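**Q** Here is what each chain is made of, one letter per residue.
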Amino acid sequence: MSTATRGLHQHTLLEAAQLVEHRKVSPVELTDTVLKQIERAEPKINAFITVLAEQARAVAKAHEDMISAGYYLGPLHGIPIALKDNLYTKGVRSTAGSKVLGDFVPEEDATVTARLKSAGAIIVGKTNMHEFAWGGTTDNPHYGPTRNPWDPRRFPAGSSGGSGAAVAARECFGAIGTDTGGSIRLPAAVNGVTGIRPTIGRVSNFNIVPLAWSMDTAGPMTRTVADCATMFNFIAGHDPKDEASARIPVSDYTAQLNRGVKGIRIGIVPDYFFTHLQPPVHDAVRGALRVLEGQKAEVVEVEIANIHGNISAQLTIESAEPSTYHQHWLRTRPQDYGDDVRVLLEVGEMLLATHYLQAQRYRTLLRHEFVEAFEHVDVFICPTLPFVATPVGDMKVVIEGGKEEDMLSAIMQYTGVPSLTGLPSMSVPCGFSPDGLPIGMQIIGKPFDEATIFRVGHAYQQATDWHTRAPNL
Amino acid sequence: MTERITPEDVETFERLADLKLKGERRKGAADILSVWVPAANELSRKMAEPRHRGLTPNVRFTHPFSEEVVER
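So the sequence lines, in the order shown, correspond to chains A and B. Letter 106 of the first sequence, counting from 1, is numbered 121 in our numbering, and no numbers are missing. Letter 41 of the second sequence, counting from 1, is numbered 61 in our numbering, and no numbers are missing.
Each hint should be verified, as a subset may be incorrect.
[As the list claims (entries may be wrong)] When the alpha-carbon atoms are kept at most 27 Å apart in a straight line, the in silico DSS-like pairs for lysine-lysine are as follows: (1) K59/A <-> K411/A; (2) K114/A <-> K411/A; (3) K51/A <-> K132/A; (4) K132/A <-> K105/A; (5) K51/A <-> K39/A; (6) K59/A <-> K114/A; (7) K51/A <-> K105/A; (8) K76/A <-> K39/A; (9) K47/B <-> K411/A; (10) K47/B <-> K418/A; (11) K42/B <-> K114/A; (12) K461/A <-> K311/A; (13) K411/A <-> K42/B; (14) K114/A <-> K40/B; (15) K114/A <-> K47/B.
These are calculated hints, taken from the structure and not from any lab test. Every value quoted in this text rests on a predicted model; they were computed, and no experiment measured them.
Bound conformation, chain A alone (with noise of 0.2 Å):
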């Protein structure tokens, strides 16, 4: 479609980029509309907190003078674009989705955030998020419920839900996440949308407020695998200010994206990643698997020993950390907190030292698991989460048989796996439900190979147009 028939915010973020390398269009415009694509989402959808209309157009015009003099920084440059709440953006409030938080205006940038600023980035607002990151159903007392561009009575997944749906209803060209249990990956999934969990210490958590400190991660949320692809290059890498940040060179992500997946070995673990889960799910990763054989991938059936028992390391760790994190604010300021993430922080503190350790080495003996089977897989394939987008407010779900569940461990059936072991792993869009929900595939790289993901995820999307499609807004 052409630029005269679609409006500008309808395009992926490498096509505005295109535009405005070639001085098509204009920062100005290109945030104009997606600002426009904000008034009209937004009373429907509540993915901000925070909109910077203001502060966009001022930066836009800047990066607009400056690419008139010559000075173009790259695809990101004049691209609008939304950061998740708990991200530090000097000057601007940064709540992490709470009220605690409420007031707080960091005097420093979170490092994803000056690099995108430095890569010539617009930051238009700050997304709504499940408060403190703990929870994945984005349903904030604070700051309103997100709701799910597809079907708003839906939620969004969480806890990047606003990020999630900010990408999905076309409101920038690509947003920022964090992931600790699947907290990226699942709004991903279930707005339609692409999103990666880097590998533990590949971007760096500086001033981005945490949630589990071992696990934590933050990545990028965008309509295709090359958009992410093309925003990863610009915050991947060794930073010096966060500890755990690793000193493993960066590749050029998008340098492999054509490659296709010919001769690629596809791992699959059958009694784990397609039992439990609805059957519309079931359906579209098999489909999946069948779009990626007919290219010439291989699916290898490869079985992990130890997977079962990894929901409950992980809802021990992620409850142990953020109650050490919140000690003292659940003790001075308890009423401040929404009631869902209260109690998690209270039975966060009442879990045994030795229950979080044998969690933490039960990470050490799946990770081997995994380290060993890629010996024989070059990526692993399984759904993203069981189920489709749920009604806005509820705290069950059911699988099958009627049997209802509880959110919270049902939701991180296969987004534990990656982020107990450390492995990165993208959401793909790869179907819809009959009733219109869309639905995400997991695809799980060896450590630091994001480069593989990419490559394979956007092999399927040359294949498929899942991710072209967009809500009625």
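Given chain A, work out where chain B should sit, using these hints.
**A** Okay, now just chain B, sitting in the frame of chain A:
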């Protein structure tokens, strides 16, 4: 053994954690712990088996003292 956690159990945990909850909050915590603690204990039993004795916890910073410097 039954591992159902009661509000009275939660009150005991509060003393251990130096955390004071109002009475009505104890049931919510007990309900969650009644699911999580048995699962955590099952995982602990597995990880305590002699075959896993050599495994260390995964709590560590990655590469903090490497001399290698990588420039983008």
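**Q** It remains to establish, for every hint, whether it holds in the given structure.
**A** Status of the hints after comparison with the structure:
1. K59/A <-> K411/A: 24 Å, holds
2. K114/A <-> K411/A: 25 Å, holds
3. K51/A <-> K132/A: Holds: K51/A and K132/A sit about 22 Å apart, inside 27 Å.
4. K132/A <-> K105/A: Between K132/A and K105/A the Cα gap is close to 11 Å, so the pair holds against 27 Å.
5. K51/A <-> K39/A: The given pair, whose Cα atoms are some 20 Å apart, holds under the 27 Å limit.
6. K59/A <-> K114/A: Cα-Cα ~23 Å, so holds.
7. K51/A <-> K105/A: 25 Å, holds
8. K76/A <-> K39/A: Given pair K76/A, K39/A holds - Cα atoms ~15 Å apart, limit 27 Å.
9. K47/B <-> K411/A: It holds: about 18 Å lies between the C-alpha atoms, which stays within 27 Å.
10. K47/B <-> K418/A: Holds - the C-alpha atoms of K418/A and K47/B are around 23 Å apart, at most 27 Å.
11. K42/B <-> K114/A: Satisfied, since the Cα-Cα distance of roughly 21 Å is no more than 27 Å.
12. K461/A <-> K311/A: Cα-Cα ~20 Å, so holds.
13. K411/A <-> K42/B: 25 Å, holds
14. K114/A <-> K40/B: 21 Å, holds
15. K114/A <-> K47/B: 25 Å, holds
Hint check: no violations occur; every hint is consistent with the structure.
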